[in-house]
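Engineer: Assemble the complex: chain L is given as a structure, and chains C and F must be docked to it using the hints.
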Amino acid sequence: MAKIEEKLKAMGVTLPPAFKFAKPNRRGCMTVGRMLYCSGHGPADLPGVKRKGKLGGELSLEEGQGAARAAAINILAAMKEHLGDLDKVERIVSVFGMVNSVPTFEQPSQVMDGFSDFIYELWGPDNGWHTRCAVGMVTLPGNQPVEIKTEWLLK
Amino acid sequence: MAKIEEKLKAMGVTLPPAFKFAKPNRRGCMTVGRMLYCSGHGPADLPGVKRKGKLGGELSLEEGQGAARAAAINILAAMKEHLGDLDKVERIVSVFGMVNSVPTFEQPSQVMDGFSDFIYELWGPDNGWHTRCAVGMVTLPGNQPVEIKTEWLLK
Amino acid sequence: MAKIEEKLKAMGVTLPPAFKFAKPNRRGCMTVGRMLYCSGHGPADLPGVKRKGKLGGELSLEEGQGAARAAAINILAAMKEHLGDLDKVERIVSVFGMVNSVPTFEQPSQVMDGFSDFIYELWGPDNGWHTRCAVGMVTLPGNQPVEIKTEWLLK
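Chains as they are written, first to last, in our numbering: chain L, 51 to 205; chain C, 51 to 205; chain F, 51 to 205.
Pulled out of the complex, with its shape left as it was, chain L reads as follows (with noise of 0.2 Å):
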């Protein structure tokens, strides 16, 4: 089994179906040379993970973390349709973290940490580790709780 497959089923998580987009003008992912661009994604529909709503409004920052590493699986869900192969994945470049906030919300840090402990975590201190923004959002599309996107670099 693929070594990044591997480390997701120990650590309990399946990768639900790759996103579908609701028209051909845009898919989850592309490769240009041996850097992959991801377009932004939501939480997946995962149990206990909350898919709308504000930080700093309905949402705790606990739930925000759950749905930025709920997004983390959508992307690598993506990811795997996309290159068949998770393997296939050197690191982690750059992430863009957006949080649906109230206007007074300031930890979008704190909650894209779901985002970015679960990555470093699989692909670990080399190649897990990015570089981030993580910021707040007036609004996301469907009033989902964060939208992330990121750049990878591929063996």
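Wrong hints could be hidden among the right ones.
Copies of the same chain are indistinguishable here, so a pair counts whether it falls within one copy or spans any two.
[Stated by the list, open to error] Distance condition first, Cα-Cα at most 35 Å in a straight line; then the derived DSBU-like pairs of lysine-lysine: (1) Lys57 - Lys138; (2) Lys53 - Lys100; (3) Lys70 - Lys100; (4) Lys73 - Lys59; (5) Lys100 - Lys57; (6) Lys100 - Lys59; (7) Lys100 - Lys73.
Hints in this document: simulated from the structure, not taken from any laboratory.
What you are looking at is a predicted structure, and each value in this text was computed from that prediction instead of being measured.
Structural biologist: Relative to chain L, chains C and F alone:
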């Protein structure tokens, strides 16, 4: 006549002059290797296009889609000035679509289809699809309804 | 002395220590090929710089511009720590400037000129201009007035 400009003509689109930035510290486009980076652009000043206002506020979904299409036209004008010929573009890669929104607006994706459908029609099913984010912003420069950042691959 | 640091000295700027991230899951900079990716940074802790508050709210345009300039200084500090020598940078490529704003604030571009004018002065007319977005955010980490994401080309 160049292929993309022929298609634009057939679609009834005339490119306006490229947007002039207020200061020399920034420009519309930069080429690095085969990647073309474009600055965020708002809607071109075209008849019937609303160039101010928020989605979920004074602008309807259809007006937002028109503004997103007009932003695509502004981006193509900047690319034409920079490249000389739009046929130097192989494909669109990445789109970051920002929609000026009230906190309860949930359809930035539908707004951004005004951009994506237009580009998809121009470059076709092989080279017109892209990775995308479509998100809500609390405000944009001059209260414009959309700002769209793009990256393209050159031939 | 290195050229860029000589210019900084002539401008009266001393680089602070690079920002220390709370967790090892992210860092300030990553080199991939000749591209340098930098994490989003807020303003450096410098005398007279406002490091909290929204534009159109408690911060004036001038205070926002000062915060954007101070974010540039934080980014250069991160790059100096990562690269050792800022003269390894050929040019700035892409800037994504996020301004903590109330919904009626319309001048994120003018705020971001505090960043762009500073970098343009440092790298000069050939290598200091860049592609840019300047947009309004409903909130940012710790209520900081700006967060700025950058990409640079190395020599």
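Engineer: Would you mind marking each hint as holding or not holding in the structure?
Structural biologist: Outcome of the hint check:
Proximity of lysine 57 to lysine 138 under the C-alpha cut-off of 35 Å is restricted to the intra-copy arrangement: shortest distance 15 Å within a copy versus 38 Å between copies. For the homomeric pair lysine 53 and lysine 100, the shortest alpha-carbon distance inside one copy (29 Å) is at most 35 Å, but the shortest distance between copies (47 Å) is not. For a Cα distance limit of 35 Å, the shortest separation of lysine 70 from lysine 100 qualifies both inside one copy, at 20 Å, and across copies, at 31 Å. Proximity of lysine 73 and lysine 59 under a CA criterion of 35 Å is satisfied in both settings, with 32 Å inside one chain copy and 25 Å between copies.
With identical chains, the CA atoms of lysine 100 and lysine 57 are at most 35 Å apart within one copy only, with a shortest distance of 24 Å there and 44 Å across copies. Taking the closest pair of Cα atoms, lysine 100 and lysine 59 come within 35 Å of each other only inside a single copy of the chain (22 Å); across copies the shortest separation is 47 Å, beyond that limit. Taking the shortest alpha-carbon separations for lysine 100 and lysine 73, both the intra-copy value of 25 Å and the inter-copy value of 25 Å come in at or below 35 Å.
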